[in-house]
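Undergrad: As a plain string of letters, each chain reads:
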Amino acid sequence: GDSVTQMEGPVTLSEEAFLTINCTYTATGYPSLFWYVQYPGEGLQLLLKATKADDKGSNKGFEATYRKETTSFHLEKGSVQVSDSAVYFCALTPKAAGNKLTFGGGTRVLVKP
Amino acid sequence: GAVVSQHPSWVICKSGTSVKIECRSLDFQATTMFWYRQFPKQSLMLMATSNEGSKATYEQGVEKDKFLINHASLTLSTLTVTSAHPEDSSFYICSARDDGTRNEQFFGPGTRLTVL
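Chains as they are written, first to last, in my numbering: chain C, 1 to 113; chain G, 1 to 116.
The hints are simulated quantities; they were obtained by calculation from the structure and are not laboratory data. Some hints could be false.
[To be verified] Cross-link-like lysine-lysine pairs, in silico, DSSO-like; alpha carbons within 30 Å at most: (1) G:55 with C:56; (2) G:66 with C:49; (3) G:66 with C:68.
[What the hints assert, rightly or not] Listing some non-contacts, in silico: residues in chain G with all C-beta distances to chain C over 10 Å: (4) 52; (5) 104; (6) 106.
[Said to hold, decoys possible] Listing some non-contacts, in silico: residues in chain G with all C-beta distances to chain C over 10 Å: (7) 43; (8) 78; (9) 100.
Keep in mind it's a predicted model, so treat the numbers as computed, not measured. All C-beta atoms in this analysis are idealised placements derived from N, C-alpha and C, irrespective of residue type, glycine included.
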């Protein structure tokens with residue numbers, strides 16, 4: 001079945017550091033890929049998405065590129081802020097699955113001033 | 001923006017009792033809602049897809065008689081954990097898919113269930 005693997009955390013960074021969270025997936029066909037973020041005490045929010053190979057999703061300074069050849073969707077941000085401290089989830093949905101999401105395990109990111 | 005609420009945010013109950021969790025889409029209609037379960041430091045696992053006016057679709061391995069889902073309106077789905085036991089203690093999260101043009105899922109903040 002479909003699965004998503006992302007790097008385990010916690011990841012601790014200093015403010016303005018570069019952030020990368022690796023995400024790889026296994027799925028039949030060409031799924032849509034997502035990054036969700038969960039801030040403390042809040043629900044998951046969609047951060048960015050990509051629906052086909054080579055698409056780049058971007059939002060709030062975060063980027064991720066849909067790489068079919070490596071089945072990856074790594075999340076990057078060039079300069080993190082304390083407010084980026086959260087748990088980040090990589091997820092996929094098969095095109096015909098009615099938006100059923102398969103999530104990775106989540107990566108907690110802590111940015112220190 | 002689209003908001004999904006869950007009630008209660010946390011609940012503690014005795015073993016053998018039933019607990020109902022509500023999921024509401026506050027500013028949009030949602031024919032379809034999803035219920036997830038999240039164990040500590042683990043991923044979200046889809047339990048079931050809730051469809052307004054029809055029976056829920058459960059994922060493999062999820063007991064439908066234990067986790068009763070009712071989706072009686074376009075803005076409300078409920079999950080009832082029947083005869084709860086300590087192993088049912090978990091974080092339950094719902095999401096609602098916007099029927100409008102966005103077709104995006106919006107997540108609730110989750111409900112922490114602790115069964116003593």
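Undergrad: With reference to the structure, classify each hint as holding or not holding.
TA: Results for each hint:
Among the hinted pairs, residue 55 of chain G with residue 56 of chain C is inconsistent with the structure: their alpha-carbon atoms are about 37 Å apart, more than 30 Å. In summary, the hint linking residue 66 of chain G to residue 49 of chain C is not supported, as the alpha carbons are separated by about 34 Å, beyond the 30 Å threshold. For the hint linking residue 66 of chain G to residue 68 of chain C, the alpha-carbon distance of about 40 Å lies beyond 30 Å, and the restraint is violated. Residue-level check passed: residue 52 of chain G sits 14 Å from the nearest beta carbon of chain C, beyond 10 Å.
Against the 10 Å criterion, residue 104 of chain G falls within the reach of chain C, whose nearest CB is about 6 Å from its own CB. The non-interface label for residue 106 of chain G is inconsistent with chain C: the shortest C-beta to C-beta separation is roughly 8 Å, within 10 Å. At roughly 4 Å, the least C-beta separation between residue 43 of chain G and chain C is not larger than 10 Å, which violates its mark as non-interface. Every CB of chain C lies more than 10 Å from the CB of residue 78 of chain G, the least distance being 17 Å, so the non-interface label holds.
No Cβ of chain C comes within 10 Å of the Cβ of residue 100 of chain G; the nearest lies about 14 Å off, and the non-interface call holds.
Violated hints, in rising order: 1, 2, 3, 5, 6 and 7; the structure is consistent with all others.
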